[in-house]
Amino acid sequence: MLFTEMMNELSEQYLVPDANMTNASIIFILESPHVQEVKHGVPVAGASGITMTKQLLGNECKQPLGLIVKAHLNEGIHNEIGKVGLMNICQIPMQRTAYQKDDIESYLPMFDIIEEIRTANHKERFKNETYNEVQTLILEHFLKRLRNVESESCILIPCGRFAQKFFRLAQKIDKDRNWKTIEEVPHPSYNSWSRERYKNVIDKVIKSYHEINQIKDIK
1 MLFTEMMNEL SEQYLVPDAN MTNASIIFIL ESPHVQEVKH GVPVAGASGI TMTKQLLGNE
61 CKQPLGLIVK AHLNEGIHNE IGKVGLMNIC QIPMQRTAYQ KDDIESYLPM FDIIEEIRTA
121 NHKERFKNET YNEVQTLILE HFLKRLRNVE SESCILIPCG RFAQKFFRLA QKIDKDRNWK
181 TIEEVPHPSY NSWSRERYKN VIDKVIKSYH EINQIKDIK
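Everything in the sequence shown is counted per the working numbering, starting at 1 for the first residue and increasing by one.
Worth double-checking, as some hints may not be accurate.
[What the hints assert, rightly or not] Listed next, with one range per pair, are the computed distances between beta-carbon atoms:
id : residue 1 : residue 2 : range
1  : LYS123    : GLY41     : 25 to 33 Å
2  : ARG145    : GLU115    : 16 to 24 Å
3  : GLU196    : LYS175    : 34 to 42 Å
4  : THR4      : ARG147    : 15 to 23 Å
5  : HIS141    : PRO109    : 15 to 23 Å
6  : LYS172    : GLN100    : 30 to 38 Å
7  : ARG145    : ALA120    : 20 to 28 Å
[Unchecked claim] Think about it this way: if two alpha-carbon atoms lie no more than 20 Å apart in a straight line, the pair counts; the simulated EDC-like pairs of lysine to aspartate or glutamate are:
id : residue 1 : residue 2
8  : LYS144    : GLU133
9  : LYS83     : GLU211
10 : LYS172    : GLU124
11 : LYS39     : ASP103
12 : LYS175    : GLU152
13 : LYS172    : GLU183
14 : LYS70     : ASP18
15 : LYS144    : ASP18
16 : LYS54     : GLU211
17 : LYS175    : GLU140
18 : LYS175    : GLU124
Just so you know, these hints were derived from the structure itself, not from any lab. Every residue, glycine too, gets a C-beta built ideally from N, C-alpha and C.
Starting from the given sequences, assemble the full structure and let the hints guide the process.
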């Protein structure tokens, strides 16, 4: 079975769509969904999303950012959250632990490859051409969705080394696009956004978030 077919078949059950890309003024770009994201059908619906919420909205806010964005979209509420977009580079999980046992066994060759791609963020190309083929599939799918972001005034924030690597690869292809970005933002896992070493860049993120709208509080 071709890897394109494998990814398409896995997408039928495990794909997590991007959120609020049409109306977004600021878009957080993450790696890939995991268990909570698949369950709720939105990016950053787990612990990483809670870390983001605390930094953007204050420690009193306990819900993951993805669930807040999804709820506000469903309810038609317009405030800062309504200007936030969320997307993953890869719309299906890149860790086999997010999949059911039968699917892991059926698609084992795919998981061996995508898990290696997920962790090899220092490599833009692999010695094994099969790995390059799968990486290109992921990149092309991401780039297709990124091209739908019409406004170059929209702030793009790739979070973590994986997202940053793929965003760089996308920029090499779309050289004519002048994206406005905030660079070197860590992935929000393991409460990294609260660490002192990342304070300066997270402060930039918070400042940009509040500048997209005058409303500072979420109801």
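To test your reading of the hints: which numbers does this structure violate? none
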